[in-house]
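*Asks:* My request is simple: use the sequences and hints to build the entire structure.
What follows is the residue order along each chain.
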Amino acid sequence: MASLVSGTTSDMTPRPSRRAFYTGDRFQAAAFIVPSCIFLALLTIWPFFYSVYLSLHRVRLTALKRAVFVGFENYWNLVTDTLFQHALLNTLMLATASIACEIIIGFVVAKAFVSIAHLRWSNWLRSFFLMPMMVTPLIVGMIFAYVFNPVLGIANYLLNSVGLAPVSWFGDPFPAMLSILLINVWQWTPFMMLLIMAGLFSIRSDLYEAARVDGAKWHHILRFLEIPSIRGIVLLGIILRIIDTLRFFDVVYVTTRGGPGDSTMVLTLYAYQQNFQFFQAGTGSAAAVIILVISIVITTFAVRLLRRIEND
Amino acid sequence: MRNITLLGSISGAALLLASAAVAQDIDWKSELGDHSGKTLHMMTITDPFIDSIKATKDGFTDITGAKVEVDGYGYDALHEKELLACSQNDSSYDIFIMDGIWIGELSEAGCIDSAEKQIAEGKPEIFAWDDYTPSAAGQASWDGERMCIPIGIYYELMYYRTDLFEKAGIKVPETFEELKQAAKTFTDNPEFPGVYGYAMNNKRGAAAGQQWFEWIYSAGGKPWVSNDIGSKDPYADQTPLLNSKESVDLVQFFKDMTAYGPPGVESFAWDERANAFAAGKLAMINDWSVRAQIANDPSQSQVAGKFKAALMPHKEGAKTVSPVGGWVACVNAHGAQKDVAWDFLKWFGSPAVHKQFVMAGGPPSRLSAMQDPDVVAKYPWTEQLFEAQKNAWVEVRPRHPLAFQMIDTVGADVNKAIIGEATPQAAMDNAQEQVTKLLKQNGLLQ
Numbered sequence: 001m002a003s004l005v006s007g008t009t010s011d012m013t014p015r016p017s018r019r020a021f022y023t024g025d026r027f028q029a030a031a032f033i034v035p036s037c038i039f040l041a042l043l044t045i046w047p048f049f050y051s052v053y054l055s056l057h058r059v060r061l062t063a064l065k066r067a068v069f070v071g072f073e074n075y076w077n078l079v080t081d082t083l084f085q086h087a088l089l090n091t092l093m094l095a096t097a098s099i100a101c102e103i104i105i106g107f108v109v110a111k112a113f114v115s116i117a118h119l120r121w122s123n124w125l126r127s128f129f130l131m132p133m134m135v136t137p138l139i140v141g142m143i144f145a146y147v148f149n150p151v152l153g154i155a156n157y158l159l160n161s162v163g164l165a166p167v168s169w170f171g172d173p174f175p176a177m178l179s180i181l182l183i184n185v186w187q188w189t190p191f192m193m194l195l196i197m198a199g200l201f202s203i204r205s206d207l208y209e210a211a212r213v214d215g216a217k218w219h220h221i222l223r224f225l226e227i228p229s230i231r232g233i234v235l236l237g238i239i240l241r242i243i244d245t246l247r248f249f250d251v252v253y254v255t256t257r258g259g260p261g262d263s264t265m266v267l268t269l270y271a272y273q274q275n276f277q278f279f280q281a282g283t284g285s286a287a288a289v290i291i292l293v294i295s296i297v298i299t300t301f302a303v304r305l306l307r308r309i310e311n312d
Numbered sequence: 001m002r003n004i005t006l007l008g009s010i011s012g013a014a015l016l017l018a019s020a021a022v023a024q025d026i027d028w029k030s031e032l033g034d035h036s037g038k039t040l041h042m043m044t045i046t047d048p049f050i051d052s053i054k055a056t057k058d059g060f061t062d063i064t065g066a067k068v069e070v071d072g073y074g075y076d077a078l079h080e081k082e083l084l085a086c087s088q089n090d091s092s093y094d095i096f097i098m099d100g101i102w103i104g105e106l107s108e109a110g111c112i113d114s115a116e117k118q119i120a121e122g123k124p125e126i127f128a129w130d131d132y133t134p135s136a137a138g139q140a141s142w143d144g145e146r147m148c149i150p151i152g153i154y155y156e157l158m159y160y161r162t163d164l165f166e167k168a169g170i171k172v173p174e175t176f177e178e179l180k181q182a183a184k185t186f187t188d189n190p191e192f193p194g195v196y197g198y199a200m201n202n203k204r205g206a207a208a209g210q211q212w213f214e215w216i217y218s219a220g221g222k223p224w225v226s227n228d229i230g231s232k233d234p235y236a237d238q239t240p241l242l243n244s245k246e247s248v249d250l251v252q253f254f255k256d257m258t259a260y261g262p263p264g265v266e267s268f269a270w271d272e273r274a275n276a277f278a279a280g281k282l283a284m285i286n287d288w289s290v291r292a293q294i295a296n297d298p299s300q301s302q303v304a305g306k307f308k309a310a311l312m313p314h315k316e317g318a319k320t321v322s323p324v325g326g327w328v329a330c331v332n333a334h335g336a337q338k339d340v341a342w343d344f345l346k347w348f349g350s351p352a353v354h355k356q357f358v359m360a361g362g363p364p365s366r367l368s369a370m371q372d373p374d375v376v377a378k379y380p381w382t383e384q385l386f387e388a389q390k391n392a393w394v395e396v397r398p399r400h401p402l403a404f405q406m407i408d409t410v411g412a413d414v415n416k417a418i419i420g421e422a423t424p425q426a427a428m429d430n431a432q433e434q435v436t437k438l439l440k441q442n443g444l445l446q
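Chains X and R, in that order, are what the protein sequence lines are. Residues in the first sequence are numbered consecutively from 1, following our numbering. Residues in the second sequence are numbered consecutively from 1, following our numbering.
Since no wrong hints were added, every one of them can be taken at face value.
Simulated restraints, written as ranges between beta carbons of each label pair:
| no. | chain 1 | residue 1 | chain 2 | residue 2 | range |
| --- | --- | --- | --- | --- | --- |
| 1 | R | LYS245 | X | ALA165 | 34 to 44 Å |
| 2 | X | LEU42 | R | ALA55 | 38 to 48 Å |
| 3 | X | LEU181 | R | THR175 | 38 to 48 Å |
| 4 | R | ALA55 | X | PHE128 | 42 to 52 Å |
| 5 | X | ALA165 | R | THR436 | 40 to 50 Å |
To be clear, the hints were calculated from the coordinates, so they are not data collected in a lab. All C-beta atoms in this analysis are idealised placements derived from N, C-alpha and C, irrespective of residue type, glycine included.
*Replies:* Structural data, given as structure tokens:
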């Protein structure tokens, strides 16, 4: 009966012509969306599910046909592996320390650039300051490998010229982590500075004048005017930098290879080694899935926070 | 001692046979096909011998018409690229030049074709297999099958600064204790300003791991149960011996030696050590023979003509087992121009062309090249290489499919002991546990 009714209804509805279908909204919407969906499915969704599949198997990349299903064994091996734990901890430490340094230094430099914005050469100076950000991270790593070379590097030469003892930059755990942090901060502070500067430029000058008329000191202006004005854009910068730091790889790969000991091992280097040096595709995929889950959790949390700030 | 004498006799006989073979002229035009219009692609390491390949390869183009393109990559990148190419059935490269310790991994993954048929069908004077040093031939073979052609076999030697030793008036060290004393003499000594005694491969991972395997026999130990020198089946029982007394003592020795190295020696690998030696900062260094050319090149080195080579030192009561390594050339199993690839290897590996390659700076892999007067005159350390190959053991480092990961795992723990993050005993106990787990997980250990 139902089919009879539906058949009757469809017979009564005038069928759209083929020309009308091609010019209609639904077709145009599909024409725009479908290529993106195919792109996403092929390059993001399918590889993700394949990674999940591999992560549940004991398999080498050179022998994919000999995969053995092991359930969550690879995940268990990872969470109980002290090297993976160190990599996770190091990545979180590196993210926290470098983003904090980048915000503080970036703010100071941004303030300096804002205060000299009226000078003709300030644009040139600003461009120079942005240059580290434009260099490929691999090249940055290689440059600093030379700079911090304990025998032939300029860092120890400068220390020696002022009578200080040479430092084993990549040889001891603490200086090695500090060196990696320094390189990361050197390269990415300009990015944070750029965002903060954009935030500071967006504050109307009459608000500064009003604050001064009301007798506000510099720390009052900072606390009640500047920080509230830039916190949205800084949070956006933090989200981007967290994602960046979770992907941080090149500099460590070139300079320390995760050493000395496990002191500079980071998550991506761990996953890279498992996948492309040891060709343990199962363990490597499990590590990649864990990195992805961490990224999603942190980003979701941060985006919600950003929305709340914007609504405030 | 009997083994060494026997090896020496075999080497001598092989050398005579090989010399006779070399003396015969080979008509390459009839031996090799016409490959005009084709281009042969090979990938190799960016070690100094890449220039020697480039200096030699045009002879093949003259005979066959095929161009030869050589692409160089770093050590890890090459391993990665060859295995990825294999896993994707990639035919872009015809020849893989690989470290001898990767041969198990690439053979068992079906990445390379066996050389047995080519050698069996080729003229004996072309492949002249018996002319290769026994350890070179071993590096190119896996599971009893000749898979590749040895081209650049390295032996590790100890290099020392003759000017500094003459000034100090001390003998060249032969034992670990003598090495320590000599290194101490040159370190922080106002008579030798800016000079340090010794630098080892201490960097985390492959550098420290390979160093452990390279020294363990000379320290009186062995890496796993059935890996005795000369063993017919060294992989029969792979139970690791990483926390044996000899191993722990060796790691303690590595740690002790950091006192005589430059600042940051804990993070040194091959390049840092070679650069420091060439810059005149080190009195002694152990290194693969291929790097001696760099140190002896006045345009790159401040110590050219001021150093000599000796066999690696050994622990008191043990004897030197010279580490062997180096590069073998293999035909890509997925390659589209296998005929051109085999023709190139036939030609390039032949004794006469090998000598040209060696004279252009390539490492000698053949007994005939090692004893060639021209080679010895140009590269004086070749005499020590000839001695080193007599006491070398091909399985000094693992060569099975997990070799890369196993060496890296050991290297992480050795490095922890060197930097003081763990005691040598604790570090090697952990290495023992990790490697045992790895071997069991992958079915190499019950």
